[in-house]
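Colleague: Please put together the full structure from these sequences, using the hints given.
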Amino acid sequence: MAKSITQEFTKGLWDEIPPFRLVLGLCPTLAVTKSVENGLGMGVAVIFVLVCSNMLVSLLRNIIPPKVRIACFIVIIATFVIVVELLMQAYTYPLFLKLGIFIPLIVVNCVVLGRAEAFAYKNGIVRSIVDGFGIGAGFTISLVAIGALREVFGSGTFFGIPVFGPSFQPFTFMIEAPGAFVCLGLMLSLMNLAGNE
Amino acid sequence: MGDYVLLAISCIFVNNILLAQYLGCCPFMGTSKKMETAVGMGMAVIFVLVMAGAITWLIEAYVLKPFGLEYLRTIAFILVIASLVQFVEMFLRKSIPALYKGLGIFLPLITTNCAVMGVCLININEEYTFIQSLVTSFSYAAGFGLALVLFAGVRERILLARVPKPLEDTAIGLVTAGMLALAFFAFKGMA
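Sequence lines, in order, name chains A and B.
The opening residue of the first sequence carries number 125 in my numbering; numbering runs sequentially from there.
The opening residue of the second sequence carries number 920 in my numbering; numbering runs sequentially from there.
It is worth saying that the hints were derived from the structure and are not from the lab.
A virtual CB, placed ideally from N, CA and C, is assigned to each residue, including glycine.
Don't take each hint at face value.
[As the list claims (entries may be wrong)] If you want the footprint, here are the derived chain A segments under chain B, 3+ residues with CB under 8 Å:
1. 161-169
2. 194-208
3. 231-237
4. 295-304
[Stated by the list, open to error] Residues from chain B that keep clear of chain A, each with C-beta distances beyond 12 Å, as calculated:
5. Asp922
6. Ala939
7. Met954
8. Ile965
9. Phe966
10. Pro985
11. Gly987
12. Phe996
13. Val1007
14. Arg1012
15. Thr1048
16. Val1068
17. Pro1085
18. Leu1086
19. Leu1093
20. Lys1107
[Claimed, not checked] Have a look at the derived ranges for each label pair, beta carbon to beta carbon:
21. A:Asp139 x B:Met920: 50 to 60 Å
22. B:Leu1028 x A:Trp138: 22 to 32 Å
23. A:Ala242 x B:Met1009: 38 to 48 Å
24. B:Pro1027 x A:Trp138: 29 to 39 Å
25. B:Pro1027 x A:Pro218: 31 to 41 Å
26. B:Pro985 x A:Trp138: 44 to 54 Å
27. A:Ser128 x B:Pro985: 49 to 59 Å
28. B:Phe1049 x A:Leu210: 37 to 47 Å
29. B:Leu1078 x A:Gly319: 14 to 24 Å
30. A:Gly280 x B:Gly921: 39 to 49 Å
31. B:Ala1080 x A:Leu211: 31 to 41 Å
Modeller: Following this line, the structure appears as structure tokens:
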């Protein structure tokens, strides 16, 4: 059944929102969501890579031989990741330093490769771009949501602005690794709860 | 020698790749449902990571750096890792079929395991020497295996427990991983 273009976009925002519905791309989700700013930066980088790689994969889908398709996808994705890396180094240097090795690691982010394989290789260019944008936007929303939760409780700030009074004791557990896992797990269960009704 | 032991311990426990650096979470959730798959995956990662660490270090030092091509690092490393995995797979199938049977299905998964790529990048960023890189690669991989096996053990028990419906499967897995990470967090005091 063919979906409309709007449906291709909105499915990324709820039905197939990564990392909750498609449990892919967990590593960046956990690692960069110490603050909202990091999450947003990472999300935008992923949107860019996802849209460009989906576009190119879809354009080349009749040329790429099926046997070596994964290798081709990886080369395409890696190219755009390098573009993002250089752009971020040039224009948002502090963010580039904060995200560190997680920018090059977008290459092995299963969300990007997963979309190339599952969607862009089988669909036309417009649909693929819309799909990339939708899934990327969904990913960004998740990162920002988790980032907000962890930043507000873990360091008592939102986008670096204090939200509680000076007497607030930061709940440091939230910004450390254990807090990341627990936070994501609980959010996932909330999503399940909401989805089952 | 003492330095290397210290480095190894810090990589296995203090900066555990999974539970402190958040790398390699996808296979962590995917292959930890059974003890056997966890052991298989752990071994495969140790095997590939040591080789990938060595080869990427050599490529960085002798190809990328002398020619000023550092900006191509991402694409070079991922290609090296992907082809290495393929090569190892073919080699094992031909010469050590027993090991291939054990690791077989996990090898292709390793290409997209961010732990492998991540450790290679850490080695370069921290400017480790060749020997140090080998030590860190092995110990990070061992730490990965350790966390995976521990986690699989816990998860096999959870299967028997009654978990609230919305928390089933991955959600409870993540919360459990959080508890495990909390345990490993205690090692931070040693650093």
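Colleague: Find the hints from earlier in the document that the structure breaks and name them by number, from lowest to highest.
Modeller: Violated hints: 1, 6, 12, 17, 18, 19, 20, 23, 28, 31; rest satisfied.
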